[in-house]
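Asks: Here the structure of chain W is known, so what remains is to put chain P in place on it, guided by the hints.
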Amino acid sequence: LNKKQKEERRMDKTPGGGKVDHDVYIGLVLIAFGIAGIVNAQAFPPAAKRFPMLACGLMIVLSLILVIRGLRRGAAIRKGGGTIARLFPWDTAKYALITFLMTGIYIALVEHVDFFVATVIFVPAMMIFMRVKKKWVIVLSTAGITFFCWFMFVNQLHIRMP
Amino acid sequence: MPEIIANLFTVDVLIALILGVFVGMIIGILPGLGATMAIALMIPMTYGWDPTASLVLLCSIYTTATFGGSMSAILLCTPGTPSSAATAQDGYELTKQGRGLEAMGISTVSSVFGGVVGGVALLLIAPPLAQFALRFSSPEYFFIALFGLTIIGSLAGNDPLKGFLSGALGLLFCCVGMDGNTAYVRYAFGNIRLYSGIAMVPMMIGLFSVSQMMMQAERLVKAGAIEKGQVLNDSTALGTKFLPTFKEFIHLLPLMIRASVLGLLIGILPGAGGDIGSWVGYNEAKRTAKDRSKFGHGALEGVCGSEAANNAVCGGAYIPLLTLGIPGSGAAAVLMGGLTLHGLAPGSTLFTKNANIVYPIIIGYILANLLMAVVGVFACRKVVKVAAIPMNVITPLVLVLAVIGAYAINISMFDVWVMLAFGLLGYIMRKADFPTAPCVLAMILGPMAEKGLHASLQMALKQNIVLFFAGRPLCVVFFLATVASIVIPLVLNRRDRKTKEGPESGAYTAVDD
Numbered sequence: 001l002n003k004k005q006k007e008e009r010r011m012d013k014t015p016g017g018g019k020v021d022h023d024v025y026i027g028l029v030l031i032a033f034g035i036a037g038i039v040n041a042q043a044f045p046p047a048a049k050r051f052p053m054l055a056c057g058l059m060i061v062l063s064l065i066l067v068i069r070g071l072r073r074g075a076a077i078r079k080g081g082g083t084i085a086r087l088f089p090w091d092t093a094k095y096a097l098i099t100f101l102m103t104g105i106y107i108a109l110v111e112h113v114d115f116f117v118a119t120v121i122f123v124p125a126m127m128i129f130m131r132v133k134k135k136w137v138i139v140l141s142t143a144g145i146t147f148f149c150w151f152m153f154v155n156q157l158h159i160r161m162p
Numbered sequence: 001m002p003e004i005i006a007n008l009f010t011v012d013v014l015i016a017l018i019l020g021v022f023v024g025m026i027i028g029i030l031p032g033l034g035a036t037m038a039i040a041l042m043i044p045m046t047y048g049w050d051p052t053a054s055l056v057l058l059c060s061i062y063t064t065a066t067f068g069g070s071m072s073a074i075l076l077c078t079p080g081t082p083s084s085a086a087t088a089q090d091g092y093e094l095t096k097q098g099r100g101l102e103a104m105g106i107s108t109v110s111s112v113f114g115g116v117v118g119g120v121a122l123l124l125i126a127p128p129l130a131q132f133a134l135r136f137s138s139p140e141y142f143f144i145a146l147f148g149l150t151i152i153g154s155l156a157g158n159d160p161l162k163g164f165l166s167g168a169l170g171l172l173f174c175c176v177g178m179d180g181n182t183a184y185v186r187y188a189f190g191n192i193r194l195y196s197g198i199a200m201v202p203m204m205i206g207l208f209s210v211s212q213m214m215m216q217a218e219r220l221v222k223a224g225a226i227e228k229g230q231v232l233n234d235s236t237a238l239g240t241k242f243l244p245t246f247k248e249f250i251h252l253l254p255l256m257i258r259a260s261v262l263g264l265l266i267g268i269l270p271g272a273g274g275d276i277g278s279w280v281g282y283n284e285a286k287r288t289a290k291d292r293s294k295f296g297h298g299a300l301e302g303v304c305g306s307e308a309a310n311n312a313v314c315g316g317a318y319i320p321l322l323t324l325g326i327p328g329s330g331a332a333a334v335l336m337g338g339l340t341l342h343g344l345a346p347g348s349t350l351f352t353k354n355a356n357i358v359y360p361i362i363i364g365y366i367l368a369n370l371l372m373a374v375v376g377v378f379a380c381r382k383v384v385k386v387a388a389i390p391m392n393v394i395t396p397l398v399l400v401l402a403v404i405g406a407y408a409i410n411i412s413m414f415d416v417w418v419m420l421a422f423g424l425l426g427y428i429m430r431k432a433d434f435p436t437a438p439c440v441l442a443m444i445l446g447p448m449a450e451k452g453l454h455a456s457l458q459m460a461l462k463q464n465i466v467l468f469f470a471g472r473p474l475c476v477v478f479f480l481a482t483v484a485s486i487v488i489p490l491v492l493n494r495r496d497r498k499t500k501e502g503p504e505s506g507a508y509t510a511v512d513d
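Residue numbers (this note's numbering), protein chains in the order written: chain W, 1 to 162; chain P, 1 to 513.
Chain W on its own, in the form it takes in the complex (with noise of 0.2 angstroms):
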């Protein structure tokens, strides 16, 4: 086997395993949050409080629906002998979380730093991530946009910047 293919099967493996649809913990996580707005409501003027006390209502039982729908499908599933795949597996989820987690860092550098010197940082840092292989490409992108943020931003629309 190569690389990929092991890759692959790898990559087969990682569903497997799940018993419960995942709807039914989304829609378990969605009811939580629709009694907490509806708790943190109550000390709202009556007006005010009108129309949250709606939406939270409307996304409980739309989620009540949710959960008895996965439950059932969960159900059926396994009376197939089947399982539910998993909803984040680690070996794909992890480029989503590590994307997320230095645009994080990114943006605590603009916050804290500056935004430009962020820039330089981040744009190559993400390449590098990203394996782009060529650095002119790095160099070039990280130049061109930093540039293109300065002239457009700062020089034309006369922003503040961070």
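Just so you know, the hints here were simulated from the structure itself, not pulled from any lab data.
Values in this document were obtained by computation on a predicted structure and should not be read as measured data.
Note that CB positions come from ideal geometry on N, CA and C, so glycine has one too.
Errors might be hidden in some of the hints.
[What the hints assert, rightly or not] Derived list of chain W stretches under chain P, where covered just means 3 residues or more per stretch with a C-beta under 8 angstroms from a C-beta of chain P:
1. 37-48
2. 63-77
3. 98-106
4. 120-127
5. 130-144
6. 147-156
Replies: Just chain P now, kept in the frame of chain W:
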């Protein structure tokens, strides 16, 4: 008439026209910078200008920024303006299928068509239409918002339940901040930055762009492209076809007309801008399509409907602005500042005493839409090359633009964090097959619905609210339209399922992530 033509074809006005088209398009393409901001930024530039040239510039920016927003929506799934969010639904899918250039061609033609319809309507039927809009009061707005929310059903794809849940989440998000009716602060948890609510643009950038980039990172891994540094999309993969053929144009013409008229009517209604108009246009395209299964997976009609409507909204928004002094959208409200700056008072005198100024502005607006077609044809071919850049190069650049776009709208780092949080939420929603568009739509329409409901209850006093609504013919019309909008798709879907799939099609046949 000769005076109007002489006022229009001056060097100043023509320069303003060209400048407005270019500035509007560039600002529209940039995520986070919408027409409202562009107009606000350009108003100080026009202090010393001739009123006609100034207002031609500002009006041109409004329509071209709306069109420009569609380019980034189609190519990067990053709506440049809120009114392009509906375009991203099918536009980006078309780009992924290698038909990005074609989508941009349809967007150009539809935007120009919608813009010209809006301009001609502004020229011909402004006063009578503005009078009709005066009949709309809070109860009618409540039902308009309710009618708008029924669009969620058609945005939800194969799972209306998840679509409505996404909408409910949006309704809850729009409750955050100071209540417009009672000034009571809700769900801010002591955070002063949440007093004004969750900012729409950062939320949209997060839900659409950041989540999309996170999905891209996953997709690149799955395709093994990151390991190889592979170019996933090249310029040839975007296709070479740009403008629709005459036959295709004729096929799309009825939709363009319907979407433009709807956009025009929405533009006339104060408070309902291009963001609502584009969804209504999109829904109209889906409602009347023969094959509705294509929507959300790359339907040209989806791009056509939303783009024709959101550009027609611009013309519609000027009608109550110029005739009654009531801005039909946020951008029109800023434009009103431009009018007063140059000593022009909205109202009937504008069309009599200042006819030599206002008519050149309206004709200039129509010309801006036509010029937009010329610029669009050249710009699209250049801008489309963005999609030739490998995804692993473009992802960091889009994230930088997302950050600066979210920041620039209110000069607030808090908004950038909001964008990131919604990026994560959008990613989870996408993974769990929850459509993100209904959440955005509900956030747009929620405040209108709440304000309308609150005012209706106050207006009804001790009268039964149902009887109060029943006593207002326009409310009854919108209520029937709302019911029809919910029931008809359900009946049609049921009929389609029965005829196409047969009785054996189960709901729980497959589960995948």
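Asks: Which of the stated hints cannot be reconciled with the structure, identified by number in ascending sequence?
Replies: none
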